[in-house]
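Peer 1: So the protein lines, in turn, are chains X and Y. To convert a position in the first sequence, counted from 1, into this note's numbering, add 7. To convert a position in the second sequence, counted from 1, into this note's numbering, add 272.
Worth flagging that the hints you see were computed from the coordinates, not collected in a lab. Hints may be right or wrong, so weigh each one.
Listed next, the in silico DSSO-like pairs over lysine-lysine satisfying Cα-Cα at most 30 Å (straight line) [said to hold, decoys possible]: (1) Y:Lys370 with Y:Lys428; (2) Y:Lys287 with Y:Lys462; (3) Y:Lys812 with X:Lys501; (4) Y:Lys783 with Y:Lys720; (5) Y:Lys812 with Y:Lys604; (6) Y:Lys274 with Y:Lys370; (7) Y:Lys428 with Y:Lys604; (8) X:Lys389 with Y:Lys783; (9) Y:Lys720 with X:Lys389; (10) Y:Lys274 with Y:Lys428; (11) X:Lys501 with Y:Lys370; (12) X:Lys583 with Y:Lys783; (13) Y:Lys604 with Y:Lys462; (14) Y:Lys274 with Y:Lys287; (15) X:Lys501 with X:Lys583.
These figures come from a predicted structure and were not determined experimentally.
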Amino acid sequence: MTKQQSRQSSGMPGPGGRHRGARIEKAEDVRSALHRLLAELHPYRWVLGAVLILVTVSTLLDLAAPFLMGRAIDEFIAARDLAGLALIVLLMLGAYAGAWLANVGQSMIMARVSQSVMRGLRRRLFEHLQTLSLAFFDRRPHGELMSRLTNDLDAISRVLAQNVTQLFTGALTLVGILVMMFAINFWLALASMIVFPFMMWLVGFVGRRTRRGFREYQMRIGRLNGKLEEMFSGQRVIMAFGQEAAMLDDFEAANEQVRRVGTRAQTYAMLVPPLMGILSNANIAILAGLGGWMTLRGWTTVGAIAAFYNYSRKFAAPLRHIGNLYNQLQAALAGAERVFEVIDQQPELADAPDAIALDEVAGEVIFDHVDFGYTPGVPVIKDMSLRAAPGQTIALVGPTGAGKTTMVNLLTRFYDIDGGAVAIDGRDIRGLQKASLRRQLGIVLQDTFLFSESVMENIRYGRLDATDEECIAAASLANADQFIRHLPRGYDTKLSERGSNLSQGQRQLLAIARAVLADPGILILDEATSSVDTRTEVEIQEALLRLMHPSASSGRRARTSFVIAHRLSTIRDADKILVINEGRIIERGAHDELLAQEGFYHNLYMSQFRGQSPPK
Amino acid sequence: MKSLLRMIRFVKPYKSPAILSMLLLLGVVVSDLLIPRLTQRVIDQGIAQQDVSIIVSTSLLMLGAAILSALFAVGNTILSVRVAQGASADLRSAIVRKVQTFSFGNLDRIQTGQLLVRSTSDVRAVQLMVQMSLRMFTRAPLWMLGSIVMLILTNKQLSLLMLALFPIVVGIILFFLGRARPLFLSVQQKLDRLNQVMQENLAGVRVVKAFVRSEHENARFERTNRALTVDNVRVMQFIATLIPTMRALVNLGVVGVIWFGGRQVIVGDLTVGGIVASINYIAFALFPMMMLGGMAGPLSAADASAARIWEILDGDPEVQTRPDAQALPDIKGRVAFEDVCFSYNHSCDEPVLNGINLAAEPGQTVAILGATGSGKSSLVHLIPRFYDVEAGRVTLDGVDVRDLTLANLRAQIGVALQEAVLFSGAIRDNIRYGRPEATEEEVIAAAKAAQAHDFITAFPDGYDTVLGQRGVNLSGGQKQRISIARALLVQPTVLILDDSTSAVDVETEAKIQAALEELMAERTSFVIAQRISTVLNADKIVVLDGGRVAAEGTHAELMESSPIYHEIYESQLGNNQEKIVQ
């Protein structure tokens, strides 16, 4: 029983993770997402205040124009006063020009504010991910997490960029128009209000459905993204097994879900404008009827009706808008909920407040009766004790799944032990600052991972302030220099994703160079050379030996190293070989001693010559 | 706009709902145009002639028109959403299907992040445009045309004013369209990059944590984040000026009507009702301009995205089934390399493999040894045509692999790639990945041969154990063994194991080999390995050096004849061999 599989299969909810399966709509979720979204805008409140002023100005100017128009018709055109008409036309021009300026100004500012907010949210999301535990990442499809960074944030961005000000403009216009209408004719204005309750009900009714629709949509698109990411990054395997058709079926099912859910959400969201259209047109009809009748009675004028008519047309637009925005907002909130869900995840176990920094290590490593299991009750490491003296090379051998990589995971505190203690230089590692501990460890992990940057940058990942010369020196030491120089652009060659333009062995050499450059107090090589040919490996070993055991004259101390390998040629020369089976150390000693014991190690070693006549 | 226009082919399958939605839109436009006309009737005929019945009947007519318009609009919404969602789902599907036809060579040049952005964000931009087109694009010109006709009927002179505004409006929109496209293109590229940084961060989370590089990663992310923000702000600010400008133009038109119309009324050429109607029509006619202005942003965004999608869809798969390719009914498994030259940059000047001549008979096991980067993986990748040779040929049963259909060829070949990439899902599904119809017994038999059965059944859920992405919850050796089981289950005629036991201990590996000898007795195997113990019993051992065959023969022959092989042997057994002999 190794690794985290049982943690995976037990479906344990993550730390602080809310179960999201069949979710029930909760009002507080929506409200809190909205509140938190608004809180993101808080730092920009002064700028937003300026935006509001500009919006107010432009709205007022927009409103003033029809008023002026009504007067132009009633007072000047009817009175055949050309000079007066000219004046009022100039006034209108001025009002519109002012509105234009204010509009452009506020859009400019809003573009900047909204994008700054988005940038902040993206950064928060990413930075928070850095603090989460490995267990969190083991459970999540990468593409699903990525969808939160792109598709969910995008939904927020769309609303934030345009709709916030439009919402305000809409509300303001509405109020302004109402005031004007009441000023012109109370009864006509009152009559225009009849449609309001219907509108409110309509928006609420559709809005609830839109919200549910968008929640499901964002979730589905996230899952689709997860599936696509896994497909695209595993494309070579798909091809190798000719499973393109099966993969497509799988994809099409998810794609179809997105289409279905998307159609529903979008339809609901877009139903609002036409429905609002009925209501506002009904309003115009009411006005025409009522207004006409009132004019006949002499209670109002034709000019007033014309102005009213104009206002109620202006009335329709913001109403349609507000209804529409309310629905758009649902998409944003659905996205925001998913973004905040990640941000709310509990970070990896923090350092104890009195944790000390590990500045330099002599390199003594002790495992003292260590017990550990990824799942409670399923021990992977059982009562393990070992001591590596400073400068020693310790080899860990044993069948796959014996718990070798787990020991590395414990030493690096990727996971914390259940019982016993792990100590470096006599200090329990749980009392050390995690970052300072890891900085002392140079690790070459079993799964080589390289970034799609240049070769040089990939090596430099081991120590960011290293010069080019130091990187090249590390590469030479890892026997990588030669092949790097044969690459099309040498050290500046940009690697493709995961370094797929290199062979596996070459990738391992770069990973070793990276660890060497880190100049660690303790070196851990987890199957670091498994894909490197044995002749190259011998050279690397010699170089590493020089690194780990510098000559006395250099004044540097020898460093401790842990080597995990299956190839016995790799571990032959270790100071101490630990044979691990089923989470326990079953044999320990130097190569010769272990061979002499004729036990497990002896069998392993002999199997290298299976089926072959003993070498001459 | 060419890229976007080409997208029309994805709307074609939805021709009838699309056309129907546009017809409904026509209804909306007609009813919307009726309303000002009816208003004028209320004012001119009803009020002026004090006819209450006209006022009431016209108002009811207006209400009817409004309801009709809304019904049309709802129908249009439902249909246009369906068309847009359908077309975008098809588009996504087309992208994914295209990627399935790509060869390793194509994939080497594309990043997952780019593909993801194209199949979500870029598709969305196009989808938005399809929907907008069906809801507005058709409405805008119709509306404009209708308004102009009505305006001419109402007042000829005023319509001249409109015509003067037209070219200005169109000119401005075209200017914006042209300028915005490259900006949007740049935004999407930055989004690619952002996605890639995030994806690598997730995939490399162990390295990031081991090297305590979260701050470095944050900085790396922030750089791309900042670049994206800068580009976003730039394009949004640019686009933001367009809508107010359009609105200002509409208002200019209204002011023009008041001025010129007012003068006409003063002279007596126009009624007051006529001027009100004219204002309405001109606003109506120019309002679509405003809508077009509002669409300029999404339009150029969609065009930029469409161009990026075509980049994928137009991509040429490097390896394709030839039109005259055949499928061999009964393949024995003889594989031969004849004067093969291969290079990743399509030129034999700097070859990765050169002058390769090699043959493997059915039932034989060919082991390949060689230094890191000597071309071992490249060599075996040529057999299932992951890449194609530059010169020479690779044959299966004497037929050039390029003359076989890809499906036929790859169905014969089981591959355990160097990197054991597993998929999230049950272990069982991972093993029967290559042959989903395999029975439980076959799955278990393959797992047993790959020495995976014991550790799988030790899991509480056994074969139902759910793996995380890339099989994160397994050890390296466990992943490799599942990957071997996966290759065996295909019952291949040719089996390729590309260093696929490197993380497996020697004893387990010996068991795997014993099982393979039985299973592969009639078939051909290629085994890449580093350990001499892995290749000892091979029928033929090939030593590659610098892309050429340096030596070929059995273990015993090579020990005699090949200094390189001897050196490799020495490096693994070193000076201890005497001890073993003893």
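Peer 1: Need the status of pair Lys783 (chain Y), Lys720 (chain Y): alpha-carbon distance at most 30 Å?
Peer 2: 10 Å, holds
Peer 1: Given the hinted pair Lys370 (chain Y) and Lys428 (chain Y), is their alpha-carbon gap at most 30 Å?
Peer 2: Violated - the C-alpha atoms of Lys428 (chain Y) and Lys370 (chain Y) are around 56 Å apart, more than 30 Å.
Peer 1: Are the Cα positions of Lys389 (chain X) and Lys783 (chain Y) separated by 30 Å at most?
Peer 2: With a Cα-Cα distance of about 27 Å, the restraint between Lys389 (chain X) and Lys783 (chain Y) holds, given a limit of 30 Å.
Peer 1: Does Lys812 (chain Y) pair with Lys604 (chain Y) here, judged by a C-alpha cut-off of 30 Å?
Peer 2: Holds, because 18 Å separates the two Cα atoms, which is no more than 30 Å.
Peer 1: Hinted pair, alpha-carbon criterion (30 Å max): Lys583 (chain X), Lys783 (chain Y). Please report holds or violated.
Peer 2: 28 Å, holds
Peer 1: Does Lys604 (chain Y) sit within 30 Å of Lys428 (chain Y), going by the straight-line distance between their CA atoms?
Peer 2: Violated. Lys428 (chain Y) to Lys604 (chain Y) sits at ~86 Å, over the 30 Å cutoff.
Peer 1: For the pair supplied as a hint, Lys604 (chain Y) and Lys462 (chain Y), is the alpha-carbon distance within the 30 Å limit?
Peer 2: Status violated; Cα separation ~51 Å.
Peer 1: Can the restraint linking Lys501 (chain X) and Lys583 (chain X) be considered satisfied, given a maximum Cα separation of 30 Å?
Peer 2: 40 Å, violated
Peer 1: Hint check: Lys720 (chain Y) vs Lys389 (chain X), CA-CA at most 30 Å. Holds or violated?
Peer 2: Holds. Lys720 (chain Y) to Lys389 (chain X) sits at ~27 Å (cutoff 30 Å).
Peer 1: Lys287 (chain Y) and Lys462 (chain Y): Cα distance at most 30 Å?
Peer 2: 35 Å, violated
Peer 1: Between Lys274 (chain Y) and Lys428 (chain Y), is the straight-line Cα distance small enough, at 30 Å or below?
Peer 2: The given pair, whose Cα atoms are some 38 Å apart, is violated under the 30 Å limit.
Peer 1: With a cut-off of 30 Å on the C-alpha distance, tell me whether Lys812 (chain Y) and Lys501 (chain X) pass.
Peer 2: 37 Å, violated
Of the hints listed earlier, those the structure fails to meet are numbers 1, 2, 3, 7, 10, 13 and 15, in rising order.
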